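Put chain F on the given structure of chain B with help from the hints.
In the order they appear, the protein sequences are chains B and F.
Counting the first sequence from 1 gives a position; the numbering used here is that position plus 715.
Counting the second sequence from 1 gives a position; the numbering used here is that position plus 715.
Wrong hints could be hidden among the right ones.
[What the hints assert, rightly or not] Derived pair list, reagent style EDC-like, types lysine to aspartate or glutamate, alpha-carbon separation capped at 16 Å: (1) K880/B to E876/F; (2) K972/B to D1068/B; (3) K883/F to E1058/B; (4) K1088/B to E760/B; (5) K995/F to E806/F; (6) K880/B to D867/F; (7) K880/F to E871/B; (8) K972/B to E851/B; (9) K883/B to E825/F; (10) K995/B to E851/B; (11) K883/B to E876/F; (12) K972/B to E1016/B; (13) K880/F to E851/B; (14) K880/F to D869/B; (15) K1088/B to D948/B; (16) K995/F to E851/F; (17) K880/F to E1045/B; (18) K972/F to E1019/F; (19) K883/F to E876/B; (20) K995/F to E1058/F; (21) K972/F to E1016/F; (22) K880/F to D867/B; (23) K880/B to E872/F; (24) K995/B to E1058/B; (25) K880/B to D869/F; (26) K972/B to E1001/B; (27) K883/F to E871/B; (28) K972/F to E1045/F; (29) K883/B to D869/F; (30) K883/F to D867/B; (31) K883/B to E871/F; (32) K883/F to D869/B; (33) K1088/F to D867/F; (34) K880/B to E871/F; (35) K880/F to E1010/B; (36) K972/F to E1046/F; (37) K883/B to D1086/F; (38) K880/B to E878/F.
In short, the hints are calculated from the structure, not lab data.
Keep in mind that this is a model prediction, so the values were computed, not measured.
Take a look at the letters that make up each chain.
Protein chains: 2
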Amino acid sequence: MRVLILGGDGYLGWPTAMHFAARGHEAFVVDNYLRRWIARATSSEPLMDNPNLEERVAIFGSLSNHRIGCAIGDCADYRFLERVVREFRPEAIVHYAEQPSAPYSMRGYEEARLTLNNNLNVTFNAIWAVLEHAPECHIIKLGTMGEYGTPDIDIEEGWIEIEHKGRKDTFLFPRQAGSLYHTTKVLDTDLLWFYVRTFGLRVTDLMQGPVYGLSSDECDIDERLLPNFHYDDIFGTVVNRFLVQAVAGVPLTVYGKGGQTRGYLNLRDTLQCIELAATKPPERGELRILNQFTERFSVNELAERVQRVGEQLGLDVEIRSIDNPRKEREEHYYNPVHHGLRELGLKPHLMTDEVLAGMLRHVLRCRGSIDTKKILPRVRWA
Amino acid sequence: MRVLILGGDGYLGWPTAMHFAARGHEAFVVDNYLRRWIARATSSEPLMDNPNLEERVAIFGSLSNHRIGCAIGDCADYRFLERVVREFRPEAIVHYAEQPSAPYSMRGYEEARLTLNNNLNVTFNAIWAVLEHAPECHIIKLGTMGEYGTPDIDIEEGWIEIEHKGRKDTFLFPRQAGSLYHTTKVLDTDLLWFYVRTFGLRVTDLMQGPVYGLSSDECDIDERLLPNFHYDDIFGTVVNRFLVQAVAGVPLTVYGKGGQTRGYLNLRDTLQCIELAATKPPERGELRILNQFTERFSVNELAERVQRVGEQLGLDVEIRSIDNPRKEREEHYYNPVHHGLRELGLKPHLMTDEVLAGMLRHVLRCRGSIDTKKILPRVRWA
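Chain B with its partners taken away, still in its complex shape:
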């Protein structure tokens, strides 16, 4: 299968490319280094340096004998994306090419406008490149569980039947997100659904929870093949921040009450999910939505887990609540369904103490590079 990965330099993009290539598929990555540029502009560089994408491709090729195609360019530029699609003729496009930071999208006008235009135009261009040059191609879009927000009803898998005044119909599950970044993914879903039902596209929209982990069969081959690891307030997710804080000997910073509950998953499970989606595509004219996570934790539970495992490794780990820089519910109902990927065959890798200890050991090896100034919130929208 020919798989085109948009945003192939990213935390998920690069492991996804290696994963497909190692399983005998033809993989092709594109990226314009937008995340690297934003990381530099906001002093949010990752803990370890990552080679440029073309170097990663060369290193992986020399170590594994699997060739990955690569082009550096902007997917929001249609002439670029169109040429790649016409020449590579993908059977699946995995679309990760979005500005992925909620705090960055809330920093000011310029950052918000960049997020809105980049994210929507890449989705729009992916749709059109498929319509014009590869109508059978399956678009696998990375959405986010954050699209749903934290409603007071159970969250279904993308769709809901509404009974109202004695009649009923089925609709997209209602969405209301907590940042502009998350809102752009709501708009992406609206846009995809319009083109799916109008022109018979074939789309899977994955509502993914926060991902943690640095390990996959291919990432483990060589340090230079690791995904990027951000622990800053802009790109770092809560698990990474806690791990780095534990190692640096500064308190784990819980935003507000810490009752914010989300569904998490291991990087290895993201790779499984993308592969399952690609090898079992939906019909044309179907927007398949899957809730992509394996287990739920509150922020307080995560902090306590990291504390416990950190102390087992001899670290002195304190937990401290700080003012929440985000506008979000700190205590809320949260009961999202997530059957679809299990039914496709997902075998979860859970967040065991061993998994956390493995990540902590990794961070410990790099402790000299930690810059604690990057960790505390620098963007507020509460």
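Then chain F, alone, in the frame of chain B:
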């Protein structure tokens, strides 16, 4: 009250500006002539020429003694819009500045991308200009009833309480539109709702049905103050097309079965609705959604009305069904609520035979300018 009208050169924008100015408000119009440019590019010029916006302002000023401020520029350019907002300090912004044609948005990649980027970026810039320079200002956004599509349940006024598995919560009423243009208005609503609940904007989103009519207290002063009148397949709405077909002696073209039902309103009622929304603003942090139409007709009913009134005026009017160029339901349930504007004080002007006869007489005076090549569908998406 200081009222800034974005898209002040449009079918609604220009009458709105005169309406506010004539009632003692300070009105300021901005426009970049995007619609005029698209009309020329697609051979969809209106039936009568309209003077440029600055000339209209001058003519209205000399005939009525009411001054309207005016700037020609692109609201998708933040530097332009920001300067206007900073200097004029509006208390209300009426946002009409969108590419308004469904067929144009479905014509191809370039047209779709222009529609997506223009419409979203103007909405985004209006939000930010208010956040940064006029936080108390009320944004009155022109949405469309088309955002809801034609669901099998009753359409509520913007919001719906969903009861699900024994729990309940209130959400935006589900939206799924029939063209990319209508979809951009769905995205606008998502974007406005995000910024309203996050930063306490004050917004009214008007879900308007198709508008007809050329007459208002101010439009009637002088021929040169009339709004534009499009009868082509790109910008012409169904009522205008039927009136021109009746006068030109060609069959009224019903798309498909003609059971497509929508809520319509008279231009005079749009002006009332906008004024009611402006003078009775919502609280900060409220997204008020109002369904803006006064009566419902199917396409077949409209055709029969135009036929009857045309024949009273001695015209020979035939009705003919043609292949539907659009992807839409031609027979469907349709029961939208529309109490809100009545409660604010709206006194409807209905589509009487006299109103249709008045419009037909107007078109008869311009019959020499009719170009029947413009009327039949030139864009298909079914």
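Each hint, compared with the structure:
1. K880/B to E876/F: holds (11 Å)
2. K972/B to D1068/B: violated (24 Å)
3. K883/F to E1058/B: violated (28 Å)
4. K1088/B to E760/B: Roughly 12 Å separates the two Cα atoms, so the pair holds.
5. K995/F to E806/F: holds (12 Å)
6. K880/B to D867/F: holds (11 Å)
7. K880/F to E871/B: Given pair K880/F, E871/B holds - Cα atoms ~11 Å apart, limit 16 Å.
8. K972/B to E851/B: violated (48 Å)
9. K883/B to E825/F: violated (38 Å)
10. K995/B to E851/B: With Cα atoms ~14 Å apart, K995/B and E851/B stay inside 16 Å; holds.
11. K883/B to E876/F: Answer holds: K883/B to E876/F is near 14 Å, not above 16 Å.
12. K972/B to E1016/B: Judged against 16 Å, a Cα distance of about 12 Å means the pair holds.
13. K880/F to E851/B: Not satisfied, since the Cα-Cα distance of roughly 37 Å exceeds 16 Å.
14. K880/F to D869/B: Since the Cα atoms of K880/F and D869/B sit roughly 7 Å apart, the hinted pair holds (cutoff 16 Å).
15. K1088/B to D948/B: Roughly 10 Å separates the two Cα atoms, so the pair holds.
16. K995/F to E851/F: Holds, at about 14 Å.
17. K880/F to E1045/B: Distance of about 23 Å is beyond 16 Å: violated.
18. K972/F to E1019/F: holds (14 Å)
19. K883/F to E876/B: holds (14 Å)
20. K995/F to E1058/F: holds (11 Å)
21. K972/F to E1016/F: holds (12 Å)
22. K880/F to D867/B: holds (11 Å)
23. K880/B to E872/F: holds (14 Å)
24. K995/B to E1058/B: holds (11 Å)
25. K880/B to D869/F: OK: K880/B and D869/F at ~7 Å, within 16 Å.
26. K972/B to E1001/B: Distance of about 40 Å is beyond 16 Å: violated.
27. K883/F to E871/B: Distance of about 14 Å is within 16 Å: holds.
28. K972/F to E1045/F: Measuring from Cα to Cα gives roughly 6 Å; hence the hint holds.
29. K883/B to D869/F: holds (9 Å)
30. K883/F to D867/B: Holds. K883/F to D867/B sits at ~6 Å (cutoff 16 Å).
31. K883/B to E871/F: Roughly 14 Å between the alpha carbons, so the hint for K883/B and E871/F holds.
32. K883/F to D869/B: Answer holds: K883/F to D869/B is near 9 Å, not above 16 Å.
33. K1088/F to D867/F: violated (37 Å)
34. K880/B to E871/F: holds (11 Å)
35. K880/F to E1010/B: violated (21 Å)
36. K972/F to E1046/F: With Cα atoms ~7 Å apart, K972/F and E1046/F stay inside 16 Å; holds.
37. K883/B to D1086/F: Cα-Cα ~45 Å, so violated.
38. K880/B to E878/F: With Cα atoms ~12 Å apart, K880/B and E878/F stay inside 16 Å; holds.
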